[in-house]
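What follows is the residue order along each chain.
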Amino acid sequence: MVPPAGPGVFTVKPSGPGTFKLVVSGHTFTSRSDVEKYLAYRAARLTAEQGGEWFTLNEDRGQGETAEPPPARDLEGPRFSFRMKYFRPVWRFKTNASPAWTRWSPFSGAPFFSADPRTITEFEVSAEIVVRKGPMDDADPLAFEAHALSDLLVNQVSPPK
Amino acid sequence: MIKRALTVSCIAVVAASLAQGAAPWVRGYVVAFYDPAFRYGGRADYSRGAEIEPGVDCPHGSTVHFAVPAQVAKTFSLIPWRTPQEIEALANPPADGLDRNVAGVYFHTWRAASAYRGYTPDIETYINPFAAEDPGQPEVTSRIGEGFNLDGKIKPNDFVSPDGEKGIDNQLYRAWGCDAPWRGDNGNGTLVLRSNDKMLEGLYTVVIRVSGNNDPMNDDNATLEIGYSPDQIMKDASGKVGVDYSYRILAGEQYTKLKARVKDGVVETEQSDIHMPQIAWFYNQLRDAFLGQGKIRVVPNSDGTAAGLVGGYRDFRDVYAQNVFTQSGGVQGVREHEDHVALYYALRRHADGMFNAKTGRYDGISSAYRMKLVPAFVVDPDKPMRIPVRESDTGRRKAFDDTAAAMTKAVDTLVPQEVPPGSGELTAVDGVEIGRGGVALPARDRRGYGGNRGADDKAKGASAKQDPR
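So the protein sequences, as listed, match chains A and B. Numbering of the first sequence is given in our numbering, commencing with residue 8 and proceeding in unit increments. Numbering of the second sequence is given in our numbering, commencing with residue 35 and proceeding in unit increments.
Be a bit skeptical, because a hint or two may be false.
[Claimed, not checked] Restraint ranges, calculated between C-beta atoms of paired labels, are given here: (1) B:Ala-477 <-> A:Gln-70: 55 to 65 Å; (2) A:Pro-21 <-> B:Arg-395: 24 to 34 Å; (3) A:His-34 <-> B:Ala-104: 35 to 45 Å.
Treat the hints as calculated values from the structure; they're not laboratory data. Note that beta-carbon positions come from the ideal geometry of N, C-alpha and C, so glycine has one too.
Next up, chain A with everything else stripped away, as it sits in the complex (with noise of 0.2 Å):
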């Protein structure tokens, strides 16, 4: 059982039709994986909860975040329920030294977080999702099966603080 989340570590709202943003917050934390699975968790059981079956993730490129270019669509290799490596959420980050929001990309080539994660003192890690009913476009490597998805990861997942 995944234990609730503290107040504002875990906010949803809507950003067009049967689309959602997601945003998990905190200030400390023991790995990008943690975070990043929690929210992935997040979104499954979010599908599950507006009576989807799978979603898709809009991947957020900024200008330039061009080194690892958009997964292509495989029509006939492998189907699969998710390919977790590619649940790939952008991070922004406080330090100590900066109270700015910096943001880290997954797409940008950049290593996660140049600063010591132990002088963070906020973080928020965000994905925008489509809810999607039907059969799973699986030749999607951005589909994500809800329920195969929440099975991994319910034993998994914690929120941070």
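Since the structure of chain A is already known, use the hints to place chain B on it.
Same frame as chain A, now just chain B:
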């Protein structure tokens, strides 16, 4: 007991019924070939006869799980606690000539590592497949498939039958149709061959009896029975399944009696739950292939044989257990180039029947199985009897049941389960057993069902007790 039936009198009955147009009639068949209705669609003029061509349904061919180091490295890279160095070493075990194991350098390393791919190193994967990432499964992309329209609807993911019927529900084919051991032209996939060999060698027998009181070519009130027979399939002098032998049918847990309609000789049953023997290649797999909302069709051929088709919704956990636990997931996966984690995800992804209101998900997957039927006399036993139990295999049967129960509990509760004592997942093969974390270890005892065990023991000069199979 096999006995030649009273052929002459039965022919007389049939002849009389044809003459009169309305009289009791009976037709019997023994199943001579039994495989999942996976439509191959390969070219008839394919010239590389010994090879299985890609086929139109799986344009990129069949599964290559655990076939080559590069693919294995990709699979093991999904294990979150493995380092890149470990993955490289596991995918490319040293072939320095010092390992004299008859199974080769890859088999034990890969089967051991494949059995522990969960999010922590102590979660056994084949009992807890939900706890590992989906490694991906090639799936059927074509739209033509055999089976029945089980739900009466025409949906986007349904197949069109080779005869043009729309709305065919056979998502097992969609999910598993490109799985290497079940593919091939006219059933030459390795597990199709193996399971049919075992059936013909006497592992189990399935029979069908159709009866009515009108014209055997057109009868609105016919009856079809399908079930287990305790009598071994009889072959003729050429090794083919013999025609017109007699078989008993047991009205027990693997038996169903259905109302049927016969039109122009084609028998089609009502839609109802079906119990019948499932495909097996080991004794511990012999059990009921429950098909919810099932149907059976029998189409006669001009030579007296017939083509059978059985469809219905199967519990995806039964389908999974049937394929993985007769030996162990690692043995089956590396030997047959299957990945049961991928197969598990594919089953769940395409499950489309037996809605579970408690979980809000489907527990059943629409399925169809083909059968080649040879004429036979199907008779009731002299006195009621149950499916025989072979005492020597009760231990392995219990191990199978316990392992399947642990898997079912795991996927239903999402609480990882331990490997039950005696499970095939713990059984040593070629003197190698699997330790926690997917480590290949020397076996602590001589217990094992290993495929190469006899040869291995011989090579070491040990007295090998022969596998009872």
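Hints violated by the structure (numbers, ascending): none
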